[in-house]
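Please construct the entire structure, taking both the sequences and the accompanying hints into account.
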Amino acid sequence: MRGGEAIIESLKNMGVKTIFGYPGGQTIPFYDMLYDADMDHILVRHEQCAAHAADGYARASGRVGVCLATSGPGATNLVTGIATAYMDSSPIVAITGQVPTHLIGNDAFQEADIIGITMPIVKHSYQPKDPDLIPSIVKSSFEIAKSGRPGPVLIDVPKEVQEGDLTKFDDSLIETPGYNPTIKGNIRQIKKARDLIKEAKRPLILAGAGVIISNACCELKKLADTINAPVMTSLLGKGAIDETDDLALGMLGMHGRKVSNDSINESDLLIAIGIRFSDRTTGRLDSFAPDTKIIHIDIDPAEIGKNVDVDLPIVGDARNVLSSLNKVLNDYKVSPDVNKWTDMIKQRKRDLLPRVTYSDVPLKPQSVIKEISEVLTADSILTTDVGQNQMWAAHFYDTQKPRKFISSGGLGTMGFGFPSAIGAKVACPDDPVVSINGDGGFLMVCQELATVKEYDIPVIAVVLENRTLGMVYQWQSLLYNERHSQTLLGNSPDFVKLAESFGVNAVQITKPGETKEALKSAIKDNEAILLDIVVDPDELLPMLPPGAGINEMIGEYKLEKDVN
Amino acid sequence: MDKEYHVISTLVEDKPGVLQKVAGLFNRRGFNIDSITVGVSEVEGLSRMVISVHADEKGLEQVTKQLNKLVDVIKIKDITKNAVKRELCLVKVNIPNEMARAEIMQYTNIFRAKIVDVTEEALMIELTGDAKKINAFISLVEGYGIKKISRTGLTAMARGV
Numbered sequence: 001m002r003g004g005e006a007i008i009e010s011l012k013n014m015g016v017k018t019i020f021g022y023p024g025g026q027t028i029p030f031y032d033m034l035y036d037a038d039m040d041h042i043l044v045r046h047e048q049c050a051a052h053a054a055d056g057y058a059r060a061s062g063r064v065g066v067c068l069a070t071s072g073p074g075a076t077n078l079v080t081g082i083a084t085a086y087m088d089s090s091p092i093v094a095i096t097g098q099v100p101t102h103l104i105g106n107d108a109f110q111e112a113d114i115i116g117i118t119m120p121i122v123k124h125s126y127q128p129k130d131p132d133l134i135p136s137i138v139k140s141s142f143e144i145a146k147s148g149r150p151g152p153v154l155i156d157v158p159k160e161v162q163e164g165d166l167t168k169f170d171d172s173l174i175e176t177p178g179y180n181p182t183i184k185g186n187i188r189q190i191k192k193a194r195d196l197i198k199e200a201k202r203p204l205i206l207a208g209a210g211v212i213i214s215n216a217c218c219e220l221k222k223l224a225d226t227i228n229a230p231v232m233t234s235l236l237g238k239g240a241i242d243e244t245d246d247l248a249l250g251m252l253g254m255h256g257r258k259v260s261n262d263s264i265n266e267s268d269l270l271i272a273i274g275i276r277f278s279d280r281t282t283g284r285l286d287s288f289a290p291d292t293k294i295i296h297i298d299i300d301p302a303e304i305g306k307n308v309d310v311d312l313p314i315v316g317d318a319r320n321v322l323s324s325l326n327k328v329l330n331d332y333k334v335s336p337d338v339n340k341w342t343d344m345i346k347q348r349k350r351d352l353l354p355r356v357t358y359s360d361v362p363l364k365p366q367s368v369i370k371e372i373s374e375v376l377t378a379d380s381i382l383t384t385d386v387g388q389n390q391m392w393a394a395h396f397y398d399t400q401k402p403r404k405f406i407s408s409g410g411l412g413t414m415g416f417g418f419p420s421a422i423g424a425k426v427a428c429p430d431d432p433v434v435s436i437n438g439d440g441g442f443l444m445v446c447q448e449l450a451t452v453k454e455y456d457i458p459v460i461a462v463v464l465e466n467r468t469l470g471m472v473y474q475w476q477s478l479l480y481n482e483r484h485s486q487t488l489l490g491n492s493p494d495f496v497k498l499a500e501s502f503g504v505n506a507v508q509i510t511k512p513g514e515t516k517e518a519l520k521s522a523i524k525d526n527e528a529i530l531l532d533i534v535v536d537p538d539e540l541l542p543m544l545p546p547g548a549g550i551n552e553m554i555g556e557y558k559l560e561k562d563v564n
Numbered sequence: 001m002d003k004e005y006h007v008i009s010t011l012v013e014d015k016p017g018v019l020q021k022v023a024g025l026f027n028r029r030g031f032n033i034d035s036i037t038v039g040v041s042e043v044e045g046l047s048r049m050v051i052s053v054h055a056d057e058k059g060l061e062q063v064t065k066q067l068n069k070l071v072d073v074i075k076i077k078d079i080t081k082n083a084v085k086r087e088l089c090l091v092k093v094n095i096p097n098e099m100a101r102a103e104i105m106q107y108t109n110i111f112r113a114k115i116v117d118v119t120e121e122a123l124m125i126e127l128t129g130d131a132k133k134i135n136a137f138i139s140l141v142e143g144y145g146i147k148k149i150s151r152t153g154l155t156a157m158a159r160g161v
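Residue numbers (this note's numbering), protein chains in the order written: chain A, 1 to 564; chain B, 1 to 161.
No lab work stands behind these hints: they were computed from the structure. We put the CB at the ideal spot given by N, CA and C, even for glycine. Some hints could be false.
Unchecked claim - Derived DSSO-like pairs (lysine-lysine); straight-line CA-CA distance at most 30 angstroms:
1) B:K69 - A:K146
2) B:K15 - A:K12
3) A:K184 - B:K65
4) B:K69 - A:K293
What the hints assert, rightly or not - A few chain B residues that don't get close to chain A, going by computed Cβ distances all over 12 angstroms:
5) G24
6) D34
7) V40
8) Q66
9) K69
10) T80
11) N97
12) A100
13) M105
14) F111
15) G129
16) K133
17) S150
18) L154
19) V161
Following this line, the structure appears as structure tokens:
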């Protein structure tokens with residue numbers, strides 16, 4: 001067995017059926033061995049999209065996603081995707097070709113020090129110098145990528161190692177004495193949390209992506225129900241709780257639901273789970289829950305106290321900690337104070353439901369999201385790009401299940417939405433996958449229309465076309481005297497013709513009701529399609545301006561109850 | 001925030017790139033590493049790295065936690081308060097005249113340093129101690145003209161068991 005075959009064999013042992021990649025000079029040996037192998041390979045049209053697809057695959061399925069690129073430019077094209085996965089704790093394994101070992105350091109053709117380049121954005125990396133090491137390295141990479149706080153792992157394989165013969169196939173895990181993620185929460189801390197919960201009169205729960213990653217959504221729901229506490233989420237926490245649940249308030253943060261942003265500082269206890277208190281979630285730190293006691297549950301000790309000072313840290317896996325916490329709360333009785341508080345918040349939620357009903361032309365993005373919501377089922381997957389399109393989706397779409405809302409949170413990578421949807425669809429072929437994009441971000445990755453056509457991946461790509469780079473345009477409108485510097489995409493392509501040139505169906509939508517109909521038939525047809533939806537560029541999202549506190553939103557927050 | 005002097009001792013796997021990762025984490029926080037020394041430890045395959053750095057408390061806590069997350073880092077400890085700290089310094093001093101030669105040799109004795117190379121025009125002196133002692137010696141011999149200084153940076157070990 002040769003090195004490349006050992007990679008394929010090891011991936012199969014890890015349960016991998018599909019990899020996303022793009023060949024090049026230093027991976028020709030690997031691709032030659034792949035030619036006969038029982039392994040699906042999806043040829044993306046840009047390496048960055050291979051990384052995003054692997055990321056989308058991982059987020060939708062909870063399994064490790066795999067992407068592959070050649071040395072030099074292939075590897076550097078993965079960097080944005082790796083950084084995206086790193087920021088959002090997504091388990092991917094990126095495999096790159098490298099120039100032969102004897103040429104490393106010689107500035108050989110297509111040589112880049114990808115190990116060095118990716119050092120700050122990977123959880124770990126390996127460069128096998130001997131084919132015998134490959135089985136152990138692949139297995140260890142999967143273990144590191146998915147355990148503890150997940151993240152990307154890079155394997156950089158010199159060309160001659162791909163070609164070299166193994167003397168034995170030994171896939172024992174590489175010893176990593178410095179790597180021991182804390183899974184089990186300290187029971188003394190958990191009992192202290194119980195005591196704080198018992199004292200609380202106005203509790204709130206803030207759930208992040210950690211709840212989804214650790215599959216702790218049932219435990220979260222149980223906790224919320226037991227203590228009758230409303231639940232807010234971060235952007236990536238969407239789906240940790242069914243957002244149609246009475247107790248679910250929706251997203252908190254810069255473009256959060258008003259009910260969440262208005263209520264957080266009124267709470268006397270915040271139970272934050274699997275969340276890193278990003279600046280986009282908290283607003284200005286000194287006015288974030290200043291009088292609130294905070295319990296912070298996270299698997300990563302480095303997140304404790306990083307941004308927000310907490311009263312009670314619990315390091316551990318969210319599911320493990322929450323199930324222990326639920327156990328010690330078994331005799332908990334909800335006090336009248338808590339019931340009063342939660343009833344008040346529930347009423348506030350109903351009063352502050354954001355307006356989604358419009359009949360305007362050009363279409364309001366809110367009404368487009370509403371129509372999409374009306375068609376999609378709880379099992380449908382929504383991926384978003386970054387910018388206004390992402391926030392329209394995050395704010396107005398109720399996610400009902402975990403792993404059904406996929407978005408680039410930490411890095412905020414434009415061009416993530418469409419390729420991540422490809423990965424999600426490969427992971428979950430039975431669930432409808434809709435990707436919401438803006439016209440700016442979609443143009444960064446539109447070549448992947450070729451991929452969805454080639455492999456018949458029935459992704460529904462929505463382009464909210466407003467001919468602007470909407471989020472920056474909005475900031476310029478609100479904060480920079482409407483000086484729209486370089487944010488007008490005047491000469492955009494005809495998206496319908498663009499899709500059709502790839503052989504992908506497309507339809508342009510301009511009127512209310514059309515989105516719903518187009519989406520219904522797209523799901524029925526089960527074919528890739530692009531919905532080019534023309535929306536109003538001047539519809540603004542309410543937002544926290546830079547430096548503002550969490551309850552200091554600007555921009556009119558229109559309410560559904562004011563319709564008519 | 002006020003930056004204070006810290007000495008951090010870490011036990012790391014003896015692998016390529018570890019030094020780069022550790023230095024990179026300090027760099028991201030804008031901390032300038034005063035010195036970093038690496039050598040084999042009592043355990044085969046593991047190295048001990050001693051880092052001295054000026055850093056604020058909160059920033060350093062974050063760097064320490066991030067260091068702990070590196071798969072290659074086994075252990076990490078701030079030993080600023082209770083450690084033996086030593087540095088080795090080689091200094092080449094001019095000999096402007098015969099009297100200077102005698103004086104420099106006297107200083108060398110007083111500081112328990114060693115002369116390790118002699119020519120007509122210069123002496124090379126090897127000196128061990130904490131930074132204060134080395135700085136004191138250097139300022140004493142500065143007047144004769146220093147040709148070259150090479151210092152190892154700090155290594156340190158916590159006192160007691």
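Query raised in the report: Taking the minimum C-beta separation from B:K69 to chain A, is that value above 12 angstroms?
Result: violated (6 angstroms)
Requested in this report: Test the statement that B:L154 is away from the interface with chain A: the closest C-beta pair must be farther apart than 12 angstroms.
Outcome: Given that every Cβ of chain A is farther than 12 angstroms from that of B:L154, nearest at about 23 angstroms, it holds.
Query raised in the report: Would the least Cβ to Cβ distance between B:D34 and chain A come out above 12 angstroms?
Result: Fine: 22 angstroms to the nearest Cβ keeps B:D34 off the interface.
Query raised in the report: Would the pair B:K15 and A:K12 pass a check requiring their Cα atoms to be no farther apart than 30 angstroms?
Result: holds (29 angstroms)
Report task. Evaluate the condition: distance from the CB of B:K133 to the nearest CB of chain A exceeds 12 angstroms. Result -> holds (35 angstroms)
Report task. Grab the minimum beta-carbon distance between B:F111 and chain A and tell me whether it stays above 12 angstroms. Result -> holds (40 angstroms)
Report task. Sort out whether A:K293 lies within 30 angstroms of B:K69, counting only the CA atoms. Result -> Roughly 27 angstroms separates the two Cα atoms, so the pair holds.
Query - Exclusion check [B:V161 not at the chain A interface, CB over 12 angstroms] - result: Non-interface label stands for B:V161: nearest chain A Cβ at 22 angstroms, farther than 12 angstroms.
**Report entry** Assertion that B:N97 lies farther than 12 angstroms from chain A (Cβ)
**Finding:** holds (50 angstroms)
Query raised in the report: With d taken as the least Cβ-Cβ distance between B:S150 and chain A, does d exceed 12 angstroms?
Result: Its Cβ never comes within 12 angstroms of chain A, the nearest being 27 angstroms, so this holds.
Report task. Measuring Cβ to Cβ, find out whether B:T80 lies farther than 12 angstroms from everything in chain A. Result -> holds (20 angstroms)
Query raised in the report: Between A:K184 and B:K65, does the CA-CA distance stay at or below 30 angstroms?
Result: Holds. A:K184 to B:K65 sits at ~18 angstroms (cutoff 30 angstroms).
In this structure, the hints that do not hold are numbers 5, 8, 9, in rising order.
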